[in-house]
Each structure stands twice: as C-alpha cells, then as structure tokens.
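A.B. asks: This is what each chain is made of:
Number of protein chains: 4
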Amino acid sequence: MEEKETGRLEAFSDGVFAVAITLLVLSFQAPTTPSSLTDQALLISLSTQWPMIFAFVTSFATIGIMWINHHRLFNHIKRTDTGLQLLNLLLLLMIVFVPYPTALLAQQYAKHPDQRYAAVLFNGTYWIMAICFNLLWRYASYHNRLLGKNADQRAVAAISRQYLFGPASYTITLVLTWISVPASLILNFILALFFAVPGRPPRQVPQSDAQESREIAGDGL
Amino acid sequence: MEEKETGRLEAFSDGVFAVAITLLVLSFQAPTTPSSLTDQALLISLSTQWPMIFAFVTSFATIGIMWINHHRLFNHIKRTDTGLQLLNLLLLLMIVFVPYPTALLAQQYAKHPDQRYAAVLFNGTYWIMAICFNLLWRYASYHNRLLGKNADQRAVAAISRQYLFGPASYTITLVLTWISVPASLILNFILALFFAVPGRPPRQVPQSDAQESREIAGDGL
Amino acid sequence: MEEKETGRLEAFSDGVFAVAITLLVLSFQAPTTPSSLTDQALLISLSTQWPMIFAFVTSFATIGIMWINHHRLFNHIKRTDTGLQLLNLLLLLMIVFVPYPTALLAQQYAKHPDQRYAAVLFNGTYWIMAICFNLLWRYASYHNRLLGKNADQRAVAAISRQYLFGPASYTITLVLTWISVPASLILNFILALFFAVPGRPPRQVPQSDAQESREIAGDGL
Amino acid sequence: MEEKETGRLEAFSDGVFAVAITLLVLSFQAPTTPSSLTDQALLISLSTQWPMIFAFVTSFATIGIMWINHHRLFNHIKRTDTGLQLLNLLLLLMIVFVPYPTALLAQQYAKHPDQRYAAVLFNGTYWIMAICFNLLWRYASYHNRLLGKNADQRAVAAISRQYLFGPASYTITLVLTWISVPASLILNFILALFFAVPGRPPRQVPQSDAQESREIAGDGL
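Chains as they are written, first to last, in this note's numbering: chain A, -11 to 209; chain B, -11 to 209; chain C, -11 to 209; chain D, -11 to 209.
A hint or two may mislead.
Since the list can't tell identical chains apart, any single copy or any two copies may satisfy a pair.
As the list claims (entries may be wrong) - Computed list of lysine to any residue pairs in SDA-like fashion (alpha-carbon distance at most 25 Å, straight line):
#1 Lys137 with Tyr127
#2 Lys137 with Asp69
#3 Lys137 with Arg188
#4 Lys(-8) with Asn138
#5 Lys66 with Gly(-5)
#6 Lys66 with Arg126
#7 Lys99 with Ala184
#8 Lys(-8) with Tyr105
#9 Lys(-8) with Val45
#10 Lys137 with Phe182
#11 Lys137 with Thr(-6)
Quick caveat, the hints were computed from the structure, so don't treat them as lab data.
Based on the sequences and whatever the hints tell you, model everything.
C.D. replies: This is how it looks when you write it as structure tokens:
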C-alpha cells in the first residue's frame, strides 16, 4: 500500500480549522458588556443581534464545509512538497481571516443596514478563498503530481469540474453586494450548501470509460 | 481488520471540543479590569463571581462529557459520508456556541438573579444539543448504516436506549427554568453526570441473545 | 503487540494543553490599549509588566511540564475507562483554569505588590493540580489496572515515588505565600523544573529485582 | 522499520502552531469598536490598518514557515528525550509569543511610525526564535543523537548549513531596526521566504559521497 505523506499537514490544518471555527463564537461577546442585563434589555440586545447570528451561522457553515472539502481533496492527495505546503498555508490564511469580516459585517449590518463595505469585505474573502482552493487542487492534481498512484480518476474529474464553479459564482456574489446586500448574503449561503455535497462525476459513457478518464486527466498520464 | 474512515473527522472534532472547552476560561476575564485590585477588592469581586464559577464548571463538565459521548459513539461508527459530516458539524456548532450562553448566564445571574432569559438560552442550548446527538446517532446506527461490521449490538442498543432520555429530560430542564432558575441549573448538572456513565445494555435474556440483537438492530439487518 | 486504547484521549488532551498554553499570551494584551504608544510610553509600560512576564513564563513552563508528565504517564497507561476519562477531565479543568490566576496575579502584583490573595489563588491552583495528577496516576496504576501488560515496573515505581512529593511540596508553596509572595513564586518555579526531569527509579538491588517489582506493584499482581 | 517516538510531541506542537497562527486574527479586533461604522468610517479605519495587515501577514507567514521547518526537522528526528522536549517547549514559547509583538508593532506603527521599540521587540523575537531552532536541531542532530538510524546524511547536512544563516541574518534585521524600521520589516519578510524553501545539500562530489557524509556527521559516527 502506498504510504501517505500528508499526515502532519492534515493534522495541522485540522487544528487551524478547529480553532478558526471555534473563535467565531467570540464575535458574540459584544452584548455581554452592558451593565443592565434584565430580561427586557437582554431580549432587545438579542433581537438586534440577528445579523450577527446570521453571519455566525454562515461562517460556521462555510468553514465547516471548507473543512469537508479539504478532507475530500486529501483523500486523493497522498504526497506533499514545499509548493503544496505554501498553497495550503495561503488557504489557511483565508480561513483564519474569516472571523474578522464576520464580526465586522455583523457589527455594521446591525447598526447601518444601508452600508455595504463590510459585506464587500465578507463576500470578497470568500471569493479569494474559492481561488485558493482551486490553486491548491490544480497544483496537486496537475498531471497527477501529488495524487495517489491509484487515484479514482472519475472522482478527481468530478472535483475539478465542481471547483470550476467556485470563483465564477463567488464573483457573482461579490458583484451582487452592490445591488443588494441581503441577496448577496443569501447567495453566499446557498453556495456553501452547494459545495457541501460532492460534485457529480462527468456524464458516464459506459463503453469509453478508460478513454474519458484519460481525457480528463490530461495528456500527462 | 476493518479500516476506520473516521480518523480525520475525529481529529477535527477533538480540536473543536478542545478549543471550546478551553475558551470557557475567557468568561472569567471580567473581574481583571477594575483598576483597584487590593485583596479586599479581589475578594469582593471573586465572591460575586460564584454564578460565573458554577456556569464555568457546568459547561466544562458538559462539554467534557459530550466529548466522552462523542468518543463512545465513534467507537462504533467506522464509516463516514456527507450526511454524517454535516450532522457532526451541526453538533459542533452547538458545542462551539456553549461558551456564549455560559458567559451570558454568568453575567446576568450575578447582577439580576430574578431574571430568567439567559437561563432559558442556556438550558435551550443543551436541549438542542441533546437533539443533535440523537440525530447523529440515529443517522449512523439506522440499519447499521455507518457502524462497523462487527459492532457490538448490545452496546449499540444500550446507547440508543440511554439517548432516548436526552431530549425528554432536557425538555423538563427547559420548562423548569420558568419555575426556578437554580433548580433547572442543578437538574442540568445532574443530567451531565447521568450521560457521563455509559448506559446499561437492555435486560439480558441468555437463551435468545442472537434473537434480541436482531430485534434491536431492526428489520433491515 | 498490545493495542493502545488511549489514542483519542491523548489527542483531545494534547489539544487542550496546546490551546491553554497558547491562550497565556492573551494575558499580555493589556498594555496595547493606551492611545499613546511612543517609545518612552512603551518602555515604561513594558517595564511595569515584568510580573506579567514572570507569571507568563512560569505558567508556560508549568503547563508545558504538565504536558511532559501527561505524556510520561500515558507511555504506561494503555487502557481507558469512564473513571480515567473523568479524572483526566478534572486534570484538564485545572490546566484550562491556569491562564486566569496567571492574568490575575500579573495584574495585581504589578499594581499592589503588597497584596497576596491573587498569589494564593495562583499557588492554590498548582496545589490542586498536583493532587489531580496523583489521583489520575494512582487510579490508573493501582494494581496495574489500566497499565500495559508489560509495563516497566521500575519506571512505574519511579513515577509513583516522584509524585508523592507533589502535593506535599505545593502545600509548602501555598503556606509560603503568607510569608513572602516572591519566595513562593520562586519555589513554584523550582518545583516545575523538578517535575520536568523524570524521577529516578528506587534504589536498585541487583539480586532481587523481580521481588522488588512485585513489592512495588502491590499484592494484586 | 524503526518506530517513531515523536508522535505525541508532533501532535502537541501542531496544536500550538495551529492555535498561535489562528490567534493572530485577534489583533484585527481593534477597529470594530467605534460606534459609527458607516462605509466612510470603515474605509478610513481600514486604511489606517495597513501596518496591522502587514504585521499579520508577516507573522502568519513566519509561523507557517516555522511549522514547515518543524515538520522538516521531525522528518529526521525519530527519538525523543527530556532535553528535546524542553528545547521544543522553548521554541513553542517563542511561537506563542509572536502574536503579542505583532499586535504591539501594528498599533505603534499605525500611530507613531517614527518610533522603533515595538519593531525592536518584533525583530528581537524572531532573532531568539532563530536561535531556538538552531538549539533544537543541533541537540537532536549532534552525533545523530535522536535521528533515525537511516537518516539521509545529505539532507541533514543541508539543514545544518541553512540554519547557520538564521541567527546571523536575524542579527542584521535587528541592527537594521535602528537605521530603518520599514527596511528591517522587509528583510524579515524576505528571510521568512528563504527558510520556506529547503536548503540545498552541500556541493556533491560524486566519487566521495560516503566520505563527505562522514565528514558532515562528525567524528562520532
């Protein structure tokens, strides 16, 4: 059996994902500061927090789903090199950054729902994240560079195909921010759900399975 | 031997549990701000903190015991799919959320012991958490979907039976909050201890062991 | 070879240790708030922070050394049960609590070096931690309950002997706090170093090695 | 195959690296406090934050690259002892400390770009970190003390050679702080990139490969 070299890279990434997703709860600390915490005051402060809750759940779902995707990619990636480690760091940089635009969006939207720059930063972060995911995957899967020797070519092709949608659709989210902030946030949420389920492999042509695989994997195979 | 697919899911979950349980200590930061920290002032500020300490210990115990339960479930769960990963994320969302109602309850109860909404949020969080645990377990154990091939059917049945009590008894806790906040918190604490010890397997009928197992596992086996 | 059951317990504990030790740096956040951060002001604010730095380094060393000790114990502990998991949680509760008395001591000592209650809390925390470590080890090693079948009885006896000193010497530290706060903190630091190095096995009597081992392990073997 | 003893040490270190790198984002919390978060105010507050962003990215890159280096060293280190554990803790102490000078530098530089003590602390931290890395590696590789039996002597020599540059070049960075703060920060960033790529093994002399290895590994082999 082929030995997996990526154990520590996955452990480190798991740690970063786990901390980043847990730190999101710190964006909730704000309403605990007022000195008067009667039921009335608490209810009012909680009711004004719904954008914070929405941003929290969106970011949690996104980071969680990013983790699911990271997990899915590293089912196929078996080897590692300095390039992969640096691209993985770049992706983690974006993951780690997520709590900041989340907190900012939550605070701005609660007070100034008519303003949009915090939402631009929020959606822009996801746009860059989609690009990082593509860079990581293209780098590892290009000519099967770092994939396992027996990597399932159909599953690999399915990921490559699904990931094409990432940058394109997050660009739409980003543009949408200037038209309607709520619409852009809802689209962002829908995209998270889309990337939660694994992509379908390309249409199966029973007779030419091997040929298709070769086509997908590129001329380097 | 059957290979375990859930390694990274467990590692990620361990990370989230570890961070969430450790972040609880941040709810203690409040009394460090006053400029005058004489022994007298420190004693007074510590003495007013007892609800904070109670909430801290309760939450620590609960998250710790949740981890023990998660560990117990994944002794039996050997395979993984997107459904399990999403239900696990939902459970982790609740775990990660725990420090927030904990801090809120601690602050409100210290200042307004007659108010109850923070306690409602606190107990409600545990109620939802109990439901999430049941969803995760029912999903994985339904017709042995994701369990190991040689899963101990008696242990599986014991978990299923014990988990039936979860949502029911946390509903009582939640209702009790409107009658007496301290009573509801004490019941919450007792429930944590109940879930710390493994459930007893259903009454053993020596002659019909195999039959019983079949019965428990359902018609799908 | 004997299989190790404690993998996830160690992974979870490693996570808690790692987060707790890293959160210590948050106790440094205080001096960043003043609006005027000229070199002059920075130097003054840093110079008043030396107790904070001392407390930080002590706590870091202690948590780090606690981890080394945890690691050392689990070289011998191979099996796990609910009792061990709960005692381990109790120990982690103390570990997680460490950043709080550290921050408190640092703040009080910088402003009121004549006051002692924060130091009492600090030293008291380590005293309870020493007791927790003993409980965990006595529980696991009692009649070799959870140790590996081929556990090195001499190493086990060395740990048992060294750990006897823990509660006793931390009691001295605690008492010393009422006489001299700096002396108690220095003793605390020295104790950390003492527990960093492994205990020497009991005096070797070449001819009766087997007999001695039996004696150490108790009548239950 | 030689068994690796360093599993838990690596897991604990991974945890510390992961938490430290993720906590960096907390240095961004500052601008969320102002009550007025209109787009105008947000843009201004973000534009004054560029030194914060630069420090964040530098620290993230450095901790990430430190992790890559830690990973690289432990590809060769297979055994562990108390000395290694303590040197590793010393290194982690510096890693954990990084977010503090980062936040301090970011705050001072944004307000008083003419002041330099925060930059001295920042660059000094990296200087000590370079020394810690050398101590860890020299300790483990001295006469192959803790390396694997079949350690690749050429790779070991390449690391030893590259690491010689560390303390020297970070000394230059530190001295440069008194001449020009921006120049020293840029050099710091360039050094991070230099240590991201693995060092080249010493010039290969095909005929005397064995002899060279012996020379590199020292007389103790």
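A.B. asks: Evaluate each hint against the coordinates.
C.D. replies: Each hint tested on the structure:
Taking CA atoms no more than 25 Å apart as the test, lysine 137 paired with tyrosine 127 passes inside one copy only; the shortest distance there is 16 Å, against 34 Å between copies. Taking the closest pair of Cα atoms, lysine 137 and aspartate 69 come within 25 Å of each other both inside a single copy (16 Å) and across two copies (23 Å). In the homo-oligomer, the alpha carbons of lysine 137 and arginine 188 lie at most 25 Å apart inside one protomer (22 Å), although the nearest pairing across protomers, at 28 Å, exceeds that limit. Taking the shortest Cα distances, lysine -8 and asparagine 138 sit within 25 Å of each other both inside one copy (13 Å) and across copies (19 Å).
Taking the shortest Cα distances, lysine 66 and glycine -5 sit within 25 Å of each other both inside one copy (9 Å) and across copies (15 Å). Taking CA atoms no more than 25 Å apart as the test, lysine 66 paired with arginine 126 passes inside one copy only; the shortest distance there is 14 Å, against 31 Å between copies. Taking CA atoms no more than 25 Å apart as the test, lysine 99 paired with alanine 184 passes in neither setting, with 32 Å inside one copy and 43 Å between copies. In the homo-oligomer, the alpha carbons of lysine -8 and tyrosine 105 never lie at most 25 Å apart, since the shortest distance is 43 Å inside one protomer and 46 Å across protomers.
In this assembly of identical chains, lysine -8 and valine 45 lie within 25 Å of each other by CA distance neither inside one copy nor across copies; the values are 34 Å within and 30 Å between. Taking identical chains as interchangeable, the C-alpha atoms of lysine 137 and phenylalanine 182 are never at most 25 Å apart, the minima being 29 Å within one chain and 32 Å between chains. Proximity of lysine 137 and threonine -6 under a CA criterion of 25 Å is satisfied in both settings, with 15 Å inside one chain copy and 22 Å between copies.
Violated hints, in rising order: 7, 8, 9, 10; the structure is consistent with all others.
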